[in-house]
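K.L.:
Sequence:
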Amino acid sequence: MKWRRLSGLLLLFVCLMGMAGLSAAARVTVVLSDDTAPYQEVYQVVRAYLDDSGHEVDRVYAERLTQDSLQDTGLAVAVGVRSAESLSALANRPPVLAVLVPRAWYLKTGRARLTEGRRSASAIYIDQPFDRQAQLIRLALPDVRRVGVLLSDDQEGIVSELGESLRAQQLGLMHVLLDESDRLITPLETVLSEVDLLLAVPDPLIFNRNTAQSLFLTSYRYRDPVLGYSRSLTRAGALLSLHSSPAQIGRQTAEWVRSVLRSPSIRLPSPTYPAYFSVSINEQVARSLGFSLPSENELEKRLGGGR
1 MKWRRLSGLL LLFVCLMGMA GLSAAARVTV VLSDDTAPYQ EVYQVVRAYL
51 DDSGHEVDRV YAERLTQDSL QDTGLAVAVG VRSAESLSAL ANRPPVLAVL
101 VPRAWYLKTG RARLTEGRRS ASAIYIDQPF DRQAQLIRLA LPDVRRVGVL
151 LSDDQEGIVS ELGESLRAQQ LGLMHVLLDE SDRLITPLET VLSEVDLLLA
201 VPDPLIFNRN TAQSLFLTSY RYRDPVLGYS RSLTRAGALL SLHSSPAQIG
251 RQTAEWVRSV LRSPSIRLPS PTYPAYFSVS INEQVARSLG FSLPSENELE
301 KRLGGGR
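Residues in the sequence shown are numbered consecutively from 1, following the working numbering.
Think of the hints as simulated: they come from the structure by calculation, not from any bench.
Among these hints, one or two may not hold up.
Lysine to any residue pairs mimicking SDA-like chemistry, simulated, CA-CA at most 20 Å apart [to be verified]: (1) K108 - S152; (2) K108 - R118; (3) K301 - S280; (4) K108 - L177; (5) K108 - T190; (6) K301 - L139; (7) K301 - R287; (8) K301 - L141; (9) K108 - V81; (10) K108 - D203; (11) K108 - Q135; (12) K108 - D153; (13) K301 - P142; (14) K301 - Q135; (15) K108 - T272; (16) K108 - S160; (17) K108 - P269; (18) K108 - F130; (19) K108 - P142; (20) K301 - D203; (21) K301 - A275; (22) K301 - A247; (23) K108 - L139; (24) K108 - P204; (25) K108 - Y273; (26) K301 - P129; (27) K108 - R119; (28) K301 - S245; (29) K108 - L141; (30) K301 - D131; (31) K108 - S270; (32) K108 - L205; (33) K108 - E156; (34) K108 - E180.
Source: prediction; values computed, not measured.
Please construct the entire structure, taking both the sequences and the accompanying hints into account.
P.N.:
See the structure below:
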């Protein structure tokens, strides 16, 4: 009996070691929406973090993605909306982690497509949590009392959550919903005349390369600062922005991948906001509008995170 029990334990040990070997040498395919710098940076950081893990990390672009691209892939990382949509179109796909994607898109469209057929999917959003944004407003601009935001109709669902986060910091909210046929300037002026700060959210109908300059110029005219969501918006004219760089998203992605692949069966965590973030300040805009702000490092520290 003892030898039979020992034989059984030995067989179990061999099986477990085999399973561990499989989980320690998985193939990860990173699908990039295109070859621009932000997507490439996420890939490079993920690859660097996983370099000593034994996992094989491959790269493919969304426009060239086929079923064969995913052969033997244990986990796919979709960088950007386009790559996530390309993966969702494939009938036989591995679990998908979508990163650098807007929360509104994932909750409204992406999640349903990626999990169709009871497949596993999750996301690391590009957006910052509203609680963090509201806290930054209170820390950096203590005299602000009312926050304004322009949203496309698709974003109506975030109004209640945003308002709740702002109220927790004793901040009021004024919002206007727009559709594609609406002109921006008139509703923008209506909002700016009633608020102390304009909050920019990732919404391509509102903030894009064609509208950003007029939005900033109009906000200057009303002496209202803008809180942005990217370093490029800070450079373009936002007083300050709260954002996560591609490198920071890549770091969090790699940490998730390493953790997930430690297990023989892939179980993705729930979708989440970025864990790592930065604050950037446009000092020229601050001087022009008469604001004296704490340093970027101080704000990041007081928000409980940062670089």
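K.L.:
Which numbered hints turn out to be false for this structure?
P.N.:
5, 7, 11, 19, 20, 23 and 29
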